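Sequences are here, hints too, so could you generate the full structure?
Keeping their order, the protein sequence lines are chains A and B.
First residue of the first sequence? That's 11 in our numbering, and the numbers climb one at a time after it.
First residue of the second sequence? That's 28 in our numbering, and the numbers climb one at a time after it.
Source of the hints: derived by calculation from the structure; they are not laboratory data.
Note that the structure is a prediction, hence the values are computed from the model and not measured.
Virtual Cβ for every residue (Gly too), placed ideally from N, Cα, C.
Treat the hints with care, as some may be off.
[Stated by the list, open to error] Once the Cα atoms are required to be at most 20 Å apart in a straight line, the calculated SDA-like pairs of lysine to any residue come out as:
#, chain 1, residue 1, chain 2, residue 2
1, A, Lys360, A, Asp318
2, A, Lys196, B, Val128
3, A, Lys272, B, Tyr284
4, B, Lys147, A, Ala234
5, A, Lys206, A, Gln216
6, A, Lys242, B, Glu290
7, B, Lys147, A, Val203
8, A, Lys242, A, His226
9, A, Lys242, B, Lys190
10, A, Lys215, A, Pro231
11, A, Lys372, A, Asp163
12, A, Lys206, B, Tyr284
13, A, Lys134, A, Ala111
14, B, Lys147, A, Asp412
15, A, Lys134, A, Ser110
16, A, Lys413, A, Ala286
17, A, Lys242, B, Val113
18, A, Lys87, A, Met322
19, A, Lys242, B, Leu34
20, B, Lys147, A, Asp295
21, A, Lys242, B, Ile288
22, A, Lys220, A, His421
23, A, Lys242, A, Val203
24, A, Lys206, B, Ala292
25, A, Lys242, B, Ala292
26, A, Lys144, A, Phe185
27, B, Lys147, A, Ser65
28, A, Lys87, A, Asp366
29, A, Lys195, A, Asp218
30, B, Lys190, B, Leu207
31, A, Lys242, B, Leu159
[As the list claims (entries may be wrong)] Label-pair restraints from in silico Cβ distances:
#, chain 1, residue 1, chain 2, residue 2, range
32, B, Glu201, A, Tyr294, 53 to 59 Å
33, B, Ile169, A, Leu422, 23 to 29 Å
34, A, Asp368, B, Phe132, 49 to 55 Å
35, A, Tyr294, B, Gly96, 28 to 34 Å
36, A, Gly411, B, Gly213, 31 to 37 Å
37, A, Gly411, B, Val180, 29 to 35 Å
38, A, Ile98, B, Gly137, 25 to 31 Å
One letter stands for each residue in the lines below.
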Amino acid sequence: MKKSYNIVAILVTTLILSVLIATACGPKTPAEPVSTGPITINIGVCAAMSGPAASYGQLGQETVDTFLQVFNRQGFKVSNQTYNFNVITADDQANSEGGSAAAKKLVYEDGCKFIVGHWTPNFKAVQAVTNPAKVIFFSHTGADAVPGPGGYDPKTMPYVAFPVAAHEVVVAYIFGIAEVNPNYKKIGIIDTVLNKGIGWDNADKQMDEKGIRYFHQFTQPNTANYAPFITKCAEEGCDFIFTSDVAAALAIVKQRWDMGYKDMRICCAGPITSPARWIQLAGYDAVQGLIVSSGAVWEARNRPLNADQIAMLQETMGLLADKHNGSFTYTGWIPWTPTQLFILSQAMQKAGTVDDTDALMKVIRGGTFDLPTGQYAFSGAQTYGSPVVMMTGIIECQIQGDKEVYYSQYHLPPLP
Amino acid sequence: MPPAGILVDGLVQSCIYMTMAFGMVLVFSILGILNWTHGQFYMLGAFVVYYAVTAAGIPFPISILISGGVIGGLGMLVGRYVIERVNVPGLGLLYVTAATVALNFFFEGGAGMAFGLEDKGLYNALPGVLDLGSFSVSYQKIAVVIFTLVIMVAMYVVLNFTKIGLAIRAAAQEPGAASLYGVSVGRLSIIVMGIGCALAGMAGAIMAPVYGVNPFIGGLPLIMALLAIIIGGIGSLTGAIVGGLILGLFSSIVPYYLGYISELALFLTVITLLIVRPQGLFGVPIRR
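Structural data, given as structure tokens:
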């Protein structure tokens with residue numbers, strides 16, 4: 011009896027195994043087709059969404075969300091798969107603590123492998139989170155992010171790149187002014203002492219080499235009364251005053267007018283939200299001739315424009331105008347997140363991956379990318395140890411009436 | 028000698044610091060507390076005048092008075108329902124400091140949520156400049172100086188020639204004796220709180236066209252008012268005026284010569300004064 015049970019057990023086991031093997035090796039029926047819709051990649055943005063700079067952060071979020079409506083219609087392809095971007099913005103409060111918290115949220119809660127469009131002064135705090143996590147961080151050079159003692163070390167920060175050479179580009183504004191006004195007397199430079207350091211030392215050196223006549227002053231942060239500094243500029247014979255701070259520019263525009271220095275022209279390295287707002291804040295006459303940064307890349311002269319990218323940006327401007335009662339003139343958002351998304355999508359296509367940040371950084375470092383005003387390359391060649399900075403250029407416009415009118419442009423030579 | 032324009036600018040700064048410091052000292056002399064919300068009343072006064080002019084179309088001079096009334100009323104509410112309640116014997120000073128510091132952040136954040144964070148301007152309130160040869164001064168800044176003169180004269184008249192002024196001076200000197208003479212010190216405290224905050228509100232209102240309005244403009248005037256009080260002597264109304272005058276001229280002249288290290292120079296000066304003469308220029312000598 012026991013012997014017959016064993017035989018039955020063996021037969022049943024063999025039968026089951028046979029069926030399993032036959033199923034595994036037998037002909038398969040065709041699988042149901044899998045959806046090939048676009049895959050969304052989360053991109054983080056640390057921006058000031060509260061505090062004095064919040065208006066730029068909030069405007070930046072609105073413009074990028076609208077841009078993505080246009081960009082994601084086609085998306086971009088990597089290895090036959092279409093991808094879209096989804097931008098997640100975290101409030102970094104424009105300070106180190108906020109930057110660290112925002113970066114942690116984006117990296118560890120939202121799973122972002124990329125943080126782009128960074129413009130607030132907390133580079134060190136954010137990269138302290140992103141680098142250990144191998145998250146690619148696109149920031150801007152400035153007081154706390156200058157190669158060397160300025161806080162940026164490419165060797166210890168291999169996942170950082172600077173698509174916006176904000177500090178190097180500051181001299182471009184000044185060179186642009188000098189080019190358009192060859193008979194200028196002197197350019198007064200007023201900046202907050204927070205930006206004093208290697209960045210401005212380098213800029214001063216470049217201006218000296220180019221023979222620019224300038225007079226440099228630093229102020230305390232949150233200065234409201236610029237009368238002493240404007241007076242000094244007037245005594246030095248300055249016919250232009252340049253500042254990299256938009257809030258300072260607004261104060262100086264009005265105060266110099268009130269002090270009677272109506273011929274003194276003011277230039278600002280930042281974009282303004284709209285001429286109409288500045289007219290409301292400082293007065294129509296005071297604002298005329300104000301020179302500001304422009305992101306209206308379609309106005310670039312003597313550059314091979316990228317028609318597709320410009321079409322996307324202009325369509326976005328149209329959608330924004332629809333949302334804002336038919337008028338939307340702010341273009342300051344363009345050189346930041348949207349341009350950096352162009353770079354990121356091209357890097358992913360070149361590297362053939364959307365999440366291997368080592369492979370992506372290899373492509374980014376020293377790589378050339380198509381941007382709205384032509385091709386630009388990151389420095390750093392293919393080796394670690396040298397800064398990864400993209401030197402683009404600037405377009406300046408001046409306020410005439412209630413409009414921003416093209417004034418000048420200047421392009422800097424690429425770094426090695 | 029600095030240029031005349033710098034001296035005029037310093038005088039304008041002095042006017043605001045004087046007004047702010049005067050209001051703070053008035054409150055201190057009766058309530059015995061430093062109101063850390065004083066700067067935010069300056070900020071709120073600026074917002075009141077902004078909306079009174081732009082939204083309601085009220086002429087600027089009248090809007091300043093409205094600002095004083097509204098902020099004075101708010102100050103009385105704060106005095107009655109916050110300061111009075113936490114100013115208990117013993118730890119009252121600590122509680123009041125904590126409460127007014129908390130209100131400081133509350134008003135700043137609340138203003139940001141209610142009015143938005145963007146700058147607002149009143150450039151067209153008293154537009155134009157007066158050309159004085161080597162320099163020009165805007166009518167807005169001239170208005171600041173005139174306003175301060177009017178306020179100081181008004182306060183002098185009120186404090187020296189009215190019954191309420193007499194009561195305030197009596198309560199400031201000897202609250203116990205004053206109450207024996209029928210002065211309701213508690214009610215007087217609320218009124219003085221209202222007057223002090225109204226002064227701050229009107230200071231913010233008169234400066235709104237000069238520097239613009241946003242929720243963050245209250246911090247610097249508060250600090251400068253405190254420094255003016257320290258220089259002039261805590262508890263001295265004359266000291267508040269003189270301290271404000273010195274500070275305003277300092278804050279215009281020293282940056283002209285020293286640039287961004289002017290603040291360092293300012294604080295070193297104040298520290299030195301505290302060491303050499305801790306009671307300030309007009310305060311009561313401190314007996315160790």
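Okay, the hints, checked on the actual structure:
1. A:Lys360 / A:Asp318: Between Lys360 of chain A and Asp318 of chain A the Cα gap is close to 19 Å, so the pair holds against 20 Å.
2. A:Lys196 / B:Val128: Cα-Cα ~46 Å, so violated.
3. A:Lys272 / B:Tyr284: Given that 20 Å is the threshold and the Cα spacing comes to 23 Å, the pair is violated.
4. B:Lys147 / A:Ala234: Since the Cα atoms of Lys147 of chain B and Ala234 of chain A sit roughly 14 Å apart, the hinted pair holds (cutoff 20 Å).
5. A:Lys206 / A:Gln216: At roughly 15 Å apart (the allowed maximum being 20 Å), Gln216 of chain A and Lys206 of chain A satisfy the hint.
6. A:Lys242 / B:Glu290: With a Cα-Cα distance of about 18 Å, the restraint between Lys242 of chain A and Glu290 of chain B holds, given a limit of 20 Å.
7. B:Lys147 / A:Val203: violated, 26 Å
8. A:Lys242 / A:His226: Roughly 10 Å separates the two Cα atoms, so the pair holds.
9. A:Lys242 / B:Lys190: violated, 50 Å
10. A:Lys215 / A:Pro231: violated, 24 Å
11. A:Lys372 / A:Asp163: holds, 17 Å
12. A:Lys206 / B:Tyr284: With a Cα-Cα distance of about 18 Å, the restraint between Lys206 of chain A and Tyr284 of chain B holds, given a limit of 20 Å.
13. A:Lys134 / A:Ala111: Holds, because 13 Å separates the two Cα atoms, which is no more than 20 Å.
14. B:Lys147 / A:Asp412: holds, 18 Å
15. A:Lys134 / A:Ser110: holds, 9 Å
16. A:Lys413 / A:Ala286: holds, 8 Å
17. A:Lys242 / B:Val113: violated, 49 Å
18. A:Lys87 / A:Met322: holds, 17 Å
19. A:Lys242 / B:Leu34: holds, 14 Å
20. B:Lys147 / A:Asp295: Roughly 17 Å separates the two Cα atoms, so the pair holds.
21. A:Lys242 / B:Ile288: With Cα atoms ~15 Å apart, Lys242 of chain A and Ile288 of chain B stay inside 20 Å; holds.
22. A:Lys220 / A:His421: holds, 15 Å
23. A:Lys242 / A:Val203: holds, 17 Å
24. A:Lys206 / B:Ala292: Roughly 19 Å separates the two Cα atoms, so the pair holds.
25. A:Lys242 / B:Ala292: holds, 19 Å
26. A:Lys144 / A:Phe185: violated, 37 Å
27. B:Lys147 / A:Ser65: holds, 12 Å
28. A:Lys87 / A:Asp366: Holds - the C-alpha atoms of Asp366 of chain A and Lys87 of chain A are around 16 Å apart, at most 20 Å.
29. A:Lys195 / A:Asp218: holds, 15 Å
30. B:Lys190 / B:Leu207: holds, 16 Å
31. A:Lys242 / B:Leu159: Holds. Lys242 of chain A to Leu159 of chain B sits at ~18 Å (cutoff 20 Å).
32. B:Glu201 / A:Tyr294: 53 to 59 Å: holds, 57 Å
33. B:Ile169 / A:Leu422: 23 to 29 Å: violated, 46 Å
34. A:Asp368 / B:Phe132: 49 to 55 Å: violated, 44 Å
35. A:Tyr294 / B:Gly96: 28 to 34 Å: 32 Å Cβ-Cβ, so the 28 to 34 Å window holds.
36. A:Gly411 / B:Gly213: 31 to 37 Å: Violated: the Cβ-Cβ distance is about 59 Å, outside 31 to 37 Å.
37. A:Gly411 / B:Val180: 29 to 35 Å: For Gly411 of chain A and Val180 of chain B the Cβ distance comes to about 45 Å; the hint is violated.
38. A:Ile98 / B:Gly137: 25 to 31 Å: With a Cβ separation near 28 Å, Ile98 of chain A and Gly137 of chain B satisfy 25 to 31 Å, so the hint holds.
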